[in-house]
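Visitor: Build the complex from these two chains, which are given one at a time in their own frames, with help from the hints.
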Amino acid sequence: MPSLGADMEAGTIAQWLIKPGDEVHRGGIVAVVETEKSTIEVEIFESGIVDELLVHEGESVPVGAVLAHVTSRTAEAATATASLSPPTGPFPPPPPPVAHENPVAVPTRVAPPIPAARSTVPAPVVSPVVRRLAERSGVDLATLSGSGLGGTVTRSDVERAAQPTGDEGARPEWAPGRVGPRSSPFARKLATELGVDLSTLQGSGPHGSVIERDVRLAAEVTPAETPPATVASEDRPAAMRRAIGALMARSKREIPHYYLSTTIDLTAPTAWLEQANLERPITGRLIMSVLLLKATALAVKAVPEMNGFMVDGAFAPSEAVHVGVAVSLRTGGVIAPAVHNVEHLALDDLMAGLKDLVGRARTGVLRSSEMSDPTITVTNLGDLGVEAVFGVIYPPQVALVGFGRVMERAWAQDGMLGVHPCVTATLSADHRVSDGHRGGRFLAEIDRLLQEPEKL
Amino acid sequence: MTNDEARQLIRSVLHQVAPEVDLDDVVAGETLQEALDLDSMDFLNFAVGLHEATGLEIPERDYPRLSTVEGCVTYLTSAG
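Chains as they are written, first to last, in numbering that gives the first Met the number 0: chain A, 0 to 455; chain B, 0 to 79.
Excised from the complex, chain B in its bound form (with noise of 0.2 Å):
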């Protein structure tokens, strides 16, 4: 997966959890539950999303890895 093929999934998946946020409005470094006001419910649905777009298992303690838009970008690209 590229690095943009990466970022439209993710954005593509936040916009299914979470329909009225937007990721422009996130700045980079910035961790997505704060950004988008997601809370544990969403941020699990978002990774139950990447999940299922990609068949990673993605277990919990790998979930701080997706806590920002650039660690995301890496957790995918560098699963393959």
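Extracted from the complex, chain A is given alone in its bound form (with noise of 0.2 Å):
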């Protein structure tokens, strides 16, 4: 089982989909984890031929449980564990965040693993849903080359696939592609809780969409076979307020942390943004916080010591940069998955991974990499009114950037006096990795970085 944020202790298996005898690949997802906070696409890091699973759907596990046997083909004596483990070796996971409290054994080992370039992997990274639309629909996944972010196979990919050529006409107007009858993402959860098949459903929606009440209907005219999927989501606010705060008071515990604050001039951004996106359409257009982590991401260059994570008590700085979001959930609480190598990410594809990615934190699945690798948390927590955020760091990790909304200030310059938008850029650091200095010094080199947002 692997650590899915420093935050968790165990996880249930809520879905395998892989079976003795499947041939894995790096990178694919071989199971649904259900935790605390989320509901996770676990990936492997091993590619084989499945031996046998040894804990069962429903079952909970402490991190660092063995989950699988896996034999890999170059070296057919060696058994792998089927966790997320780096490819050089079987190493065991990472502990579980307060290993002492915890009474199940487990190597130390605290560096989440960095996966590999996901560009490397051989087979299509896919989802379960999309995986199940490809088989309702005939879709071969081997044949399709994923248009998502890091080569990830789409439900639009799968849905074009699909698509008799010339079809155009049957597309509903407003959810292109979508294979069955269209339906709001709560009535689709739904219909996982309870085991509703959607595609035999008649939508009473607008345009014949199918909406919570008919899914509720489904439900109780044919009664769930299947076990609910998110067997954790009863209690999961009260365990998620709990898991928050036993991260958060180590945090606290372990971290020396100091903070520095700024304000930055976004006028330049700002007449650069409203630009681009009159050259976009509707659907392709960008949002601020985009640019802000595009050049926080790129900032890490200048000074290195706010990316990568503290091991053992020492410093191991990272080459990528996997920006976490932190996201605050409607119903209670905030997750920060990442959205990975940002640095070399295009502004439009930062927009269309972070959509992705937010979109999936509130309502759907998370990945087991986005969950494990963050290197750095960017909190844009101002977007809904505060000024300022001083976040708390996210361990292993030593920085945590916060941005507050952006509002129109009174501004001097050049001794003229203006009206700029502008936002307070923040930043929560470890002082066992860097200081003040070099703190003010990052702070400076994103302010720098936005004032020439074409480059970004």
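By construction, these hints were calculated from the structure, which means they are not laboratory data.
Glycine included, each C-beta is placed from N, C-alpha and C at the ideal position.
There are no misleading hints in this set.
Not the full set, but computed from the structure, chain A residues with beta-carbon under 10 Å of chain B:
(1) LEU272
(2) ILE281
(3) LYS354
(4) VAL405
A few chain B positions that, by computed beta-carbon distances, are all more than 12 Å from chain A:
(5) ASN2
(6) ASP23
(7) VAL25
(8) ALA27
(9) GLY28
(10) THR67
(11) GLU69
(12) GLY70
(13) VAL72
(14) THR73
(15) SER77
Guide: Okay, here's the thing in structure tokens:
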């Protein structure tokens, strides 16, 4: 059981997507795991043949437990652990965050492994939802090249493949190419929970879309045969509050935080964004958060001691910049999954990745690598009102950048007073790794990068 | 598009963007962003939802007109 975030102690196997005898490829999704905070698709970091599954669906096991045995093809005798282990060998997964409070003995290894570039993954990365869609529509996944982040095969890839050519007229007008009846994310989620097959339903919502009521009615008529997939969802808010509390207490106990704050003039990026969005269709528009994320990821190059992990009391900088994005859940709680390799992403790709990630964090399913490997976190809490946010660092990371609300302020420049859009950027950083001087340099670098938005 | 159709459309698009929120919680005149906790990503998704349903391009400069339920209804009905 991989550690899907430093605050995770145990996980429940909600669904296996592999069985003994199956061939698996590094980066492929092998299981769906429920944690206190989320539903996560677990990727495997070995290629080979599945020998046996050691944990049943519905069973909860502590972080570090072996889930399955996989025989690698190159070294037949070697038995690898089907978990978030790097491909170099059967390393044990990271221990739970508060190892001394956990009765399960697991070897100490704190650093969440950084997955290799996802573009090298041989088999397409596919979520269970997309896999089922492909099966239903008779699409061979192996023939598809994914258009999603890191080559992930997305729902629309499958839909495009399933679409007979020249059948444009059949596409519903606001859910392009969706197979089966249209439905809201909530209805889909509910359908999964209640074991209702959406494709069998007649929608009573607008344009015949399936809404909550349809799903509930169907669930009453045909009692679900399969157990609910979201086993942990009942008491999730309370469990999530506990998990956040434990992690933040650990952070404040172990990490000597220091805090810095600076106000950044956003006149240039605001003007650039307006112009850029004029040229884009509404579906491709960018938001300021994307520029802030990219600038943060690039600023790390100048001050690398903001990006990485504390491992056994020493700082291990990370080459790649996987930015954890704090997403507040409307049902309560916050989760900070990563957008990978932000420093290399074009703004449009970053926007698409962010949109996808936030959407899945709120309604759907996250992937194990997204949960386990952010190297720095950004919180954009201010989007909803406050001027500045001073965050608590997510262990084992060493820095967290907060952006407040973009607001117009009186701004003196060149002896003139003007009204400029501004944002307050803050940094919470780990004093064991850096000092305020370097932290200040980091915020100044973010500012400098934002003044040249066309280069982001 | 009639007033009722516009209202129904707003409701269903909001439901897609933020399934947890209820349009009935919005008091007349209150902005959607504040009443429903919509951040800039949510609001963009809301505009995209309206665009996909109606075909309207909805330029960014029109966003302020979409900030209340009443504003959205006026915007949608006057656009045809």
